[in-house]
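First to last, the sequence lines map onto chains S, V, R and P.
Anchor point for the first sequence: position 9 equals 9 in our numbering, and the numbering is continuous, going up by one each time.
Anchor point for the second sequence: position 191 equals 191 in our numbering, and the numbering is continuous, going up by one each time.
Anchor point for the third sequence: position 204 equals 204 in our numbering, and the numbering is continuous, going up by one each time.
Anchor point for the fourth sequence: position 238 equals 238 in our numbering, and the numbering is continuous, going up by one each time.
Keep in mind that the hints were calculated from the coordinates and are not lab data.
Glycine included, each C-beta is placed from N, C-alpha and C at the ideal position.
Be a bit skeptical, because a hint or two may be false.
[As the list claims (entries may be wrong)] Only part of the chain V face toward chain R is listed, based on derived beta-carbon distances under 7 Å: (1) I5; (2) P7; (3) H8; (4) I27; (5) Y28; (6) F35; (7) E39.
[What the hints assert, rightly or not] Here are the computed lysine-lysine pairs in the DSSO-like style, where the Cα-Cα straight-line distance is at most 27 Å: (8) V:K48 to S:K283; (9) S:K248 to S:K217; (10) R:K32 to S:K203; (11) V:K114 to S:K283; (12) S:K283 to V:K257; (13) S:K243 to S:K291; (14) R:K203 to P:K291; (15) V:K26 to R:K32; (16) S:K26 to P:K291; (17) S:K260 to V:K291; (18) V:K248 to S:K248; (19) P:K26 to S:K114; (20) V:K83 to V:K268; (21) R:K26 to V:K26; (22) V:K133 to V:K114; (23) S:K293 to V:K268; (24) V:K216 to S:K268; (25) P:K251 to R:K291; (26) R:K268 to P:K152; (27) R:K217 to R:K243; (28) P:K248 to R:K251; (29) S:K291 to V:K248; (30) P:K293 to R:K268; (31) R:K291 to P:K26; (32) P:K32 to P:K106; (33) S:K283 to V:K268; (34) S:K32 to R:K251; (35) R:K248 to P:K268; (36) S:K251 to V:K291; (37) R:K83 to R:K186; (38) V:K133 to V:K32; (39) P:K283 to R:K257; (40) V:K133 to S:K268.
There are 4 protein chains.
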Amino acid sequence: MSDTISPHWHIEFFAPDEAHMRGISKIYASEKTPFQQVEVIQSNHYGKCLILDGHMQSAQVDEFIYHENLVHPAMVACPNPKKVVIIGGGEGATLYEVLRHNTVEKAWMIDIDKRVVELCDEYMPEWHRGAFKDKRTILMFKDGRKFLEKSKEKFDVIIIDIPEPVEAGPAYLLYTEEFYRMVAEKLSDNGIVSLQSGCSAEKELLCLAAVHNTLKKVFPLVYSWPANVPSFDIPWSFTIASKSVDPKALKRDQVDKILKERKIGHLKYYDGETHEGLFFIPKYIRDGFVKIKDIIRDNKPLTYRFIGEEKSSR
Amino acid sequence: MSDTISPHWHIEFFAPDEAHMRGISKIYASEKTPFQQVEVIQSNHYGKCLILDGHMQSAQVDEFIYHENLVHPAMVACPNPKKVVIIGGGEGATLYEVLRHNTVEKAWMIDIDKRVVELCDEYMPEWHRGAFKDKRTILMFKDGRKFLEKSKEKFDVIIIDIPEPVEAGPAYLLYTEEFYRMVAEKLSDNGIVSLQSGCSAEKELLCLAAVHNTLKKVFPLVYSWPANVPSFDIPWSFTIASKSVDPKALKRDQVDKILKERKIGHLKYYDGETHEGLFFIPKYIRDGFVKIKDIIRDNKPLTYRFIGEEKSSR
Amino acid sequence: MSDTISPHWHIEFFAPDEAHMRGISKIYASEKTPFQQVEVIQSNHYGKCLILDGHMQSAQVDEFIYHENLVHPAMVACPNPKKVVIIGGGEGATLYEVLRHNTVEKAWMIDIDKRVVELCDEYMPEWHRGAFKDKRTILMFKDGRKFLEKSKEKFDVIIIDIPEPVEAGPAYLLYTEEFYRMVAEKLSDNGIVSLQSGCSAEKELLCLAAVHNTLKKVFPLVYSWPANVPSFDIPWSFTIASKSVDPKALKRDQVDKILKERKIGHLKYYDGETHEGLFFIPKYIRDGFVKIKDIIRDNKPLTYRFIGEEKSSR
Amino acid sequence: MSDTISPHWHIEFFAPDEAHMRGISKIYASEKTPFQQVEVIQSNHYGKCLILDGHMQSAQVDEFIYHENLVHPAMVACPNPKKVVIIGGGEGATLYEVLRHNTVEKAWMIDIDKRVVELCDEYMPEWHRGAFKDKRTILMFKDGRKFLEKSKEKFDVIIIDIPEPVEAGPAYLLYTEEFYRMVAEKLSDNGIVSLQSGCSAEKELLCLAAVHNTLKKVFPLVYSWPANVPSFDIPWSFTIASKSVDPKALKRDQVDKILKERKIGHLKYYDGETHEGLFFIPKYIRDGFVKIKDIIRDNKPLTYRFIGEEKSSR
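Extracted from the complex, chain S is given alone in its bound form (with noise of 0.2 Å):
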């Protein structure tokens, strides 16, 4: 047996029923934070890996996907970006994809915790590539919120980067209505909000549905589209929202001159293509948008921690 299966392995326990097992060579880091347990792995298949609290955040091989679609959906519908804030996005890869977008004068990455990013800038330079030294940038360790609300600026992006609003965490308070509508204040006329927004699976649905109706209580333009993001093991999804700005009305022509102006480079998973493609979504989604009434609140968050059982609050 010795020849053949990996000896050392990281499991992901989704629910007391459901794990995934990968195949890992190194730990790089294992520690508690004063915010979070935090795990830097190299997997066999997958490359290093960044754990916070049990649940894989991102993959060396496959982060472009979640970065991706992340940013430049945003990113582009935005007609001018020059001003972006990001709340979390330890990696800083979100940054990076940021970045490259050469109309932005200013980027501000809001992380309430220091030590994963300064975890991520040791051990995980593929990702970050340099992006916390560019002269751009402006890196705080502070709550998100708070930040946001003290700030005087107007914003054209607002990327949410955080963990999904489950098990009722402070993270929550960045998925509330009151949240969104602060959100709104703080951006330009122009300006685009974009969130990763949890599994989109049919069975785990609340989360992502919640996120998106929430939205829509605040804004008039709101999508949400799902990617494949393999080392997650469960489809992943992204949301945006928006003032005015309808990413929707972009043809892939419209894209793809976008991001040559903008001098962008090579993209691997996101282009004109793609970008006409996130606004054509599976049925059950759409039926679940309909379906799953919950709209979080400060006073009101979702409150299941496993996938599984958010069933009950349907």
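Using the hints, position chains V, R and P against chain S.
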């Protein structure tokens, strides 16, 4: 621990260093047929599951994604599908979805493994829903390639619902250029062939790209698209090919009209909007179709066994 | 991989960071009784297994080690055991071993969980071998401590065959000083009590040492010894205590003579040589009995839940 | 889940359907030497562990059980051990235990795998405690059998501390009748050979029985006994053999006196009482030595690979 963690598990090893663990409560069947190892289990999270040679074939909660993608795009694109052949499809769900089209007069299902069909008939009525007993059904247990070779019929839709051609098992002979040439001869002028085409992850694109490119050698119109079947853990793909009819030309209203006219009833994944979206696929898949040159021939199978091993053949 | 690795597994979590995986082919039963979670499974390696609240109770291939250690040293040391009580012992194997001594006139088996006994009766005949139907058997489903309290009999041997007193479940009330005082009253002058006393690993010695020392408060003669039940994964222990009869005084020839006279038949683990060896135990266990001072009382249970957690109470 | 379950695990597959999972926090080393795959890990429960070819060799919390059993019974039974050879013993703990006997003038340690010794020297000082640098130590990296063949010394104690002879790897040549004959020639008149002899479970007794019986062909006095090393998961065994000195003749007081005279210091497992107990072994092991007839010869190795597979050769 006993309160929280499942005591019983099915573990699917994709590779010596990648595996998925599913908590189970029952093993309905676990036996070796002349063709493969069969398991029918009750997963806590995914409901009943059929597993062949260690790999998930379909799970109760999301088999609709697999079977609707495999059947309806091809059936809808075919103007008037009367004669349909399914090769494989042991669960009976492909047959069920085909028979929902009221144009169908005869549906042949040719599965090499009688025992698998018996087990599915007994334990998985939620899949076949009586389709094996439909008057239009002709169920045969034999080699699908030989059946087609000897048949003197012309078929409107041919659906290949068998495991992907890894490990160079006999299934690969239903994925070769020679086989597809024969399929083309057996199709009516408006005929379409549809098949599952394996994993669509960037790292594991060899199978999908090779199938796509092999079909391209034979058919003028070939379309592949990714779809997420959560119980598969890895992103999946489907491919259709035709001699003259162009599925991409159908717009959403036309699709919805056809579904209504044929009295399909409620679908969960597929409708007009979903159909239009099939033809926008992520850039890395399109790039892969260009970069990966493999063509599968009777004397040139794909030879990898595990995810991760296929790199060598690029 | 599918050729080599078992698809189905039972995983016993001893702690959040210790687990054993057993390939299984059948789940005979998996249900929650009013008292505990019960599993009867078919392990490829260990045969049928009974698992209570996630922990292996006995396995077909090595239950002989557990049951011969639990029953025969005490029965043999007792000059003429006529009346025997078993508390717990759901599988029926303890009862079977007791009844092999032809001196026995009456054997009470008092198990609190009727459903467990029903499942063992149905699925595990290899354990009880008809003992439940023996004319000398009196089978009752009630609280063992209450049974003893109310009983007006004097018993020659009392066997406590229940889970060890971890997690402060109700079982601990059959491990306290108060309980043992009552047991002493119910024993005949030559009477002996025998019990399983949990893990005998150096790191997990708290349970064994506390049970040993608690018995020492009540009985002048107390002997504990380790034994290896491979399906338990961790080394186990047994303890006997008596008011006057000294089991250590019996030499191998005497033991073998008694076994022969009582027409016990073939044993696999126990005989005269094994008996003599019980009284030589590794130094770390003897040292532990001195260092660990815990006494279990009705109002002072052991409080750890997992292996590894018991250190705090030393 | 993330609060409770370890994220990182070492999984030891004993067979395709038996495995043990250990939560780990560090991988100190994981590399392939010319001879074997080596892992040095930090297990939460067992401390540092050395793993060779997928199998636990020794763990920090219970290596004392293994090394005290392997070394002290033989060393104590030898009246005045001055020259000692260890074959294998990479961790250095066997060497350390040998050097505790102040009679020792020279201790040769012959390990074929220099890299394993380097890794143990660097990462596992708790095992060797400086023994590699003791003036009496002669450390050589070569084939142990060839070393003995060429040596012109007579040795008082020879200790074979290598993996058991499964899988017909080269290690089996240090378990054959031919090898033992040569060992007998190299021993002084009062000399003793000591070795680990594999699993002592009833189902897996082939290795122990074959080693025992093979030694019996060469030495008049052979004793085997089981011992529980919890981190091994399965019960283990040790065997000593001698030409004239009878270890069983030593009673507890004599053993304790020798340990004191030689200024051994604190031991955890072994003392006079433990020594006496070694010679009382469970009946199934004695029965196995009679039933299992295999003799290991240079041209007749044991051929099973996994636990469970050895049945065929009975």
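(request) Could you tell me which of the hints above the structure violates, numbers in ascending order? (result) 5, 6, 11, 14, 16, 26, 29, 31, 32, 34 and 40
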